[in-house]
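Let the hints inform the model, and build the full structure from the sequences given.
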Amino acid sequence: MCLYEKIVDREEKVSIVGLGYVGMPIAVAFAKKIDVIGFDVNKEKVELYKNGIDPTKEVGNEVIKNTSIDFTSDEAKLREAKFHIVAVPTPVKGDRTPDLTPIESASRTLGRNLTKGSIVVFESTVYPGVTEDICVPILEKESGLKCGVHFKVGYSPERINPGDKVHRLETIIKVVAGQDEETLDIAAKVYELVVEAGVYKAASIKVAEAAKVIENSQRDINIAFMNELSIIFNKMGIDTNAVLETAKTKWNFLNFSPGLVGGHCIGVDPYYLTYKAEQMGYHSQIILSGRKINDDMGKYVAENTVKNMIKVNKQINGAKVAIFGVTFKENCPDVRNTKVVDVINELEQYGVEVKIVDPSADPEDLWNEYRLTLSTPEEITGVDAVIFAVPHEEFKSIKLEDVKAMFKHKELVNIGAHHEPFTAVDFGVEVDNKDCVLVDIKGMFDRNQAEDAGFLYWRL
1 MCLYEKIVDR EEKVSIVGLG YVGMPIAVAF AKKIDVIGFD VNKEKVELYK NGIDPTKEVG
61 NEVIKNTSID FTSDEAKLRE AKFHIVAVPT PVKGDRTPDL TPIESASRTL GRNLTKGSIV
121 VFESTVYPGV TEDICVPILE KESGLKCGVH FKVGYSPERI NPGDKVHRLE TIIKVVAGQD
181 EETLDIAAKV YELVVEAGVY KAASIKVAEA AKVIENSQRD INIAFMNELS IIFNKMGIDT
241 NAVLETAKTK WNFLNFSPGL VGGHCIGVDP YYLTYKAEQM GYHSQIILSG RKINDDMGKY
301 VAENTVKNMI KVNKQINGAK VAIFGVTFKE NCPDVRNTKV VDVINELEQY GVEVKIVDPS
361 ADPEDLWNEY RLTLSTPEEI TGVDAVIFAV PHEEFKSIKL EDVKAMFKHK ELVNIGAHHE
421 PFTAVDFGVE VDNKDCVLVD IKGMFDRNQA EDAGFLYWRL
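Position one of the sequence shown corresponds to residue 1 (the working numbering), numbered consecutively onward.
For the record, the hints were derived by calculation from the structure and aren't laboratory data.
A virtual CB, placed ideally from N, CA and C, is assigned to each residue, including glycine.
One or more of the hints may lead you astray.
Claimed, not checked - Only pairs whose alpha carbons sit at most 30 Å apart, straight line, appear in this in silico DSS-like list of lysine-lysine:
| id | residue 1 | residue 2 |
| --- | --- | --- |
| 1 | K32 | K165 |
| 2 | K116 | K141 |
| 3 | K93 | K13 |
| 4 | K314 | K404 |
| 5 | K320 | K235 |
| 6 | K276 | K299 |
| 7 | K45 | K57 |
| 8 | K45 | K165 |
As the list claims (entries may be wrong) - Restraint-style ranges between C-beta atoms, simulated for each label pair:
| id | residue 1 | residue 2 | range |
| --- | --- | --- | --- |
| 9 | V312 | A203 | 55 to 65 Å |
| 10 | R108 | N448 | 52 to 62 Å |
| 11 | E451 | E75 | 56 to 66 Å |
| 12 | E104 | G351 | 38 to 48 Å |
| 13 | R371 | Q315 | 21 to 31 Å |
| 14 | I214 | E451 | 33 to 43 Å |
| 15 | G351 | D133 | 48 to 58 Å |
Okay, here's the thing in structure tokens:
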């Protein structure tokens with residue numbers, strides 16, 4: 001009986017190493033079919049899962065409460081599994097070179113608990129060669145076993161899109177690679193248990209690794225092109241969104257839009273590819289140019305916010321700006337590598353006081369990562385500008401009149417005995433908002449309606 005059959009018959013278990021935005025949906029999906037051990041070194045996170053709480057918000061609390069996953073932070077439990085899936089982050093360092101610390105650490109942990117006959121499949125995004133040249137030697141050293149003899153490896157790049165309820169693990173074609181045909185066949189069959197869209201067998205592990213980094217690099221470059229167009233059209237006084245809507249009437253015009261490119265995938269993966277290219281003696285031309293544009297967009301948004309505030313005679317030093325949305329993308333609690341922080345940092349360089357509202361962001365993560373705190377919508381009053389940075393679903397119900405109420409209003413003096421100040425709203429008079437700067441990065445609001453309401457409106 002092969003390993004796949006033993007897994008299906010629940011004679012052997014599957015382990016998921018890393019229970020974050022990628023690992024958790026994988027673990028939940030497999031647990032519906034087979035026995036799963038969910039391992040993470042973060043004990044606090046594991047306790048949350050055990051108590052039915054999903055900190056990633058990817059699968060939801062009810063699913064966590066009802067899953068059969070054996071959650072643990074005890075690495076010894078990994079010895080009970082024969083098929084291991086490693087789904088840990090692969091970030092970049094401050095100098096934008098690959099930080100393989102998490103995947104190396106996971107390999108050491110797994111290696112200490114690896115048993116003969118096991119298959120290890122890595123899902124983490126890496127440059128070509130990491131699985132076989134870096135992870136395998138670690139597994140061999142820690143386990144005392146020989147790859148290809150006592151255990152085997154595969155690679156299946158994660159394609160989960162955090163916050164996306166349509167494109168899920170089950171509905172995205174799964175690329176699978178193995179060090180030999182037997183490993184590839186077993187890994188493919190295991191993934192076919194949960195991936196309804198089917199499995200694509202890659203020619204080799206390096207091919208699968210390369211395919212993953214170019215998927216995100218391609219998207220990064222296309223968004224960089226849109227961002228550059230936005231910069232150009234802004235100088236021309238042309239609305240970029242109107243241009244793109246017009247251009248999209250041609251059948252082969254690609255549907256991309258300008259924006260802040262952050263997170264742990266698109267804003268990171270290109271650096272993995274260019275790092276390996278540099279090692280091979282080639283300096284990237286297009287990829288790094290796109291990264292430069294996208295990395296600078298936070299500063300660009302902040303600068304244009306300040307310029308528009310100056311246009312309406314706002315005092316910049318000491319001004320108050322509210323930012324709605326701080327996660328790296330909409331409907332997702334992840335704040336890692338969010339470019340909204342670049343907007344905040346640049347504004348603070350001008351002496352601006354920034355208030356952040358985000359119902360999706362985890363306050364603890366935001367503080368630990370950036371030393372930033374969240375405000376409630378009720379606390380946003382008397383501001384000089386509002387920036388809608390991330391179009392969370394919760395923000396869709398906000399109307400222009402709600403935004404209008406957040407701004408400073410000119411004081412009118414009651415000529416009674418006490419000369420108390422009253423706002424125009426207190427008198428029931430329509431407020432003049434021609435000095436209200438509304439920065440709408442992703443175009444949540446209609447430009448014409450915003451301008452008709454008296455806002456100085458700006459977007460990418």
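Status of the hints after comparison with the structure:
In summary, the hint linking K32 to K165 is supported, as the alpha carbons are separated by about 19 Å, within the 30 Å threshold. At roughly 14 Å between alpha-carbon atoms, K116 and K141 fall within 30 Å of each other, so this suggested pair holds. A C-alpha spacing of about 35 Å is found between K93 and K13, which places the hinted pair above 30 Å, so the restraint is violated. Straight-line distance between C-alpha atoms of K314 and K404 comes to about 16 Å, which keeps the hinted pair within the 30 Å bound.
Annotation: proposed proximity of K320 to K235 holds, straight-line Cα distance about 26 Å (limit 30 Å). Simply put, K276 and K299 have alpha-carbon atoms about 28 Å apart, close enough for the 30 Å limit, and the pair holds. Between K45 and K57, the direct Cα distance comes to roughly 13 Å. Compliance with the 30 Å bound is thereby established for this hinted pair. The hinted pair formed by K45 and K165 meets the criterion: a straight-line CA distance of about 23 Å does not exceed 30 Å.
A hinted range of 55 to 65 Å for the beta carbons of V312 and A203 is consistent with their spacing of about 59 Å. Take R108 and N448: their Cβ atoms lie about 58 Å apart, and the range 52 to 62 Å holds. Under the hint 56 to 66 Å, the C-beta atoms of E451 and E75, about 59 Å apart, fit the expected range. A beta carbon spacing of about 42 Å between E104 and G351 agrees with the range 38 to 48 Å that was offered as a hint.
Between R371 and Q315 the beta carbons are some 26 Å apart, a value that agrees with the proposed interval 21 to 31 Å. Distance hint check for I214 and E451: the Cβ-Cβ separation is about 41 Å, which falls inside the suggested range of 33 to 43 Å. Look at G351 against D133: about 49 Å separates their beta carbons, and that is inside 48 to 58 Å.
The earlier numbered hint that this structure contradicts is number 3, and it is the only one.
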